[in-house]
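S.K.: Here the protein sequences come in this chain order: Y and W. Just so it is clear: in the first sequence, position 144 is 386 by the numbering used here, and no numbers are missing. Just so it is clear: in the second sequence, position 111 is 136 by the numbering used here, and no numbers are missing.
Worth flagging that the hints you see were computed from the coordinates, not collected in a lab. There's no promise every hint is true.
Unchecked claim - Sample of chain W residues at the chain Y side, in silico, Cβ under 7 Å:
(1) Val-35
(2) Ala-106
(3) Gly-107
(4) Asp-140
(5) Asn-147
Unchecked claim - Computed footprint of chain W on chain Y, listed as stretches where at least three residues anywhere in the stretch have a Cβ under 8 Å from a Cβ of chain W:
(6) 246-255
(7) 312-321
(8) 340-352
(9) 399-413
All residues carry an ideal CB built from backbone N, CA and C; glycine is no exception.
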Amino acid sequence: MAVWNVIQHTELGASASSVTFGSISGSYDHLYIEASARSDDVQYYDNFGIQFNGDTGSNYSHNVLLAGSSSPMASKATGTQIYHLYGITGANNLADTFGTATIWIPNYANTSNYKQVLGQGTVPNNSTTDWQWTVSMIAGLWSSTSAITSIVLFPAQGLDDFVQYSTFTLYGINGAA
Amino acid sequence: MAIIEAIETVYMEEDTASVTFSSLGSYEHLRVKMVTKSRSGSSNYYDSMNIRFGTGGGAVDTGTNYSIIQMYATGSSSHAAGAGTGQTAIYTAGISDSLKSDAIYYSTNVLDILDYANANKNTTVQSRYSTGTFGSSTTYTMIAGGVWDNTGAVDKFTLLNYSTANFERGSEFTLYGIKSS
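Turn these sequences into a full structure, and let the hints guide you.
M.R.: As structure tokens, then:
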């Protein structure tokens with residue numbers, strides 16, 4: 243079997259409130275997501291809400307390293323209902339510009355361990371004004387030993403929509419047989 | 026067929042000013058992995074790498090159509106971030122400087138270019154890198170990004186040093202194509 247496999251690729255033909263990767267097989271070692279996304283939230287940036295297996299409970303925690311000005315900042319949150327990864331451009335951003343996000347989910351099918359997430363997001367813009375652009379990294383934890391079988395991504399800041407042409411690709415990664 | 030394919034590797038047998046990839050194939054995304062060093066002799070011990078894009082069979086765009094963002098740490102406690110507009114390239118990596126830094130250390134950079142052929146989107150990049158030097162040298166660890174304000178499908182791009190100095194012999198660049206089906 244190939245090392246990298248495309249599980250699902252979605253390019254939105256119209257605005258959508260979320261994207262779901264469902265019925266994820268447990269046959270891979272790791273998952274990897276690449277997203278190029280923009281939302282219709284009337285801001286300069288938005289952030290991905292990420293939930294697993296339909297769990298909307300307070301079972302997520304994360305550390306974020308984030309910059310939207312000359313002074314980077316870090317924050318930590320526990321008992322949250324989602325992860326936040328800043329990687330989506332908003333409606334006020336430069337036209338036709340989409341944010342970039344990459345997300346690793348190692349050992350997603352392991353039923354002994356909680357699930358970890360490592361993400362990177364960039365929201366470029368033709369502006370140097372504070373918080374009209376962002377750069378970020380996130381380390382997240384889902385406090386569940388369940389194998390991940392579905393993932394939902396949505397623009398969490400204003401609960402608005404992803405816009406047309408946003409793309410989302412989920413890859414399954416295999417180790418050595 | 027593999028999902029990730031190596032499109033081209035460029036290994037510099039001699040000091041060289043730039044590298045251009047112009048056979049990008051038909052993929053969803055591109056990734057470039059680089060191990061590089063500059064010959065700039067900068068007083069800061071490092072150089073920066075720029076990327077410029079081209080579309081429609083024309084030359085790469087050298088106009089002020091690029092914007093950049095970055096967040097970085099240097100030394101043991103300093104960290105900062107910033108943005109720039111009206112740039113003539115996207116500043117996408119820091120590079121060890123062979124004339125100042127420890128001789129055997131090259132910098133490392135991974136650069137993602139998502140949806141590079143999508144004509145409905147400006148081209149954006151995301152990178153993470155380290156200048157990889159030590160001792161008295163200034164070291165940088167950074168994540169960065171940028172946008173080229175052009176929705177044309179990218180059919181070539183050029184990597185060059187900000188200082189316009191040569192890349193040092195031994196610098197290596199590999200371009201990968203990533204499929205979505």
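S.K.: Under the constraints set out in the numbered hints, which ones does this structure not fulfil?
M.R.: 1
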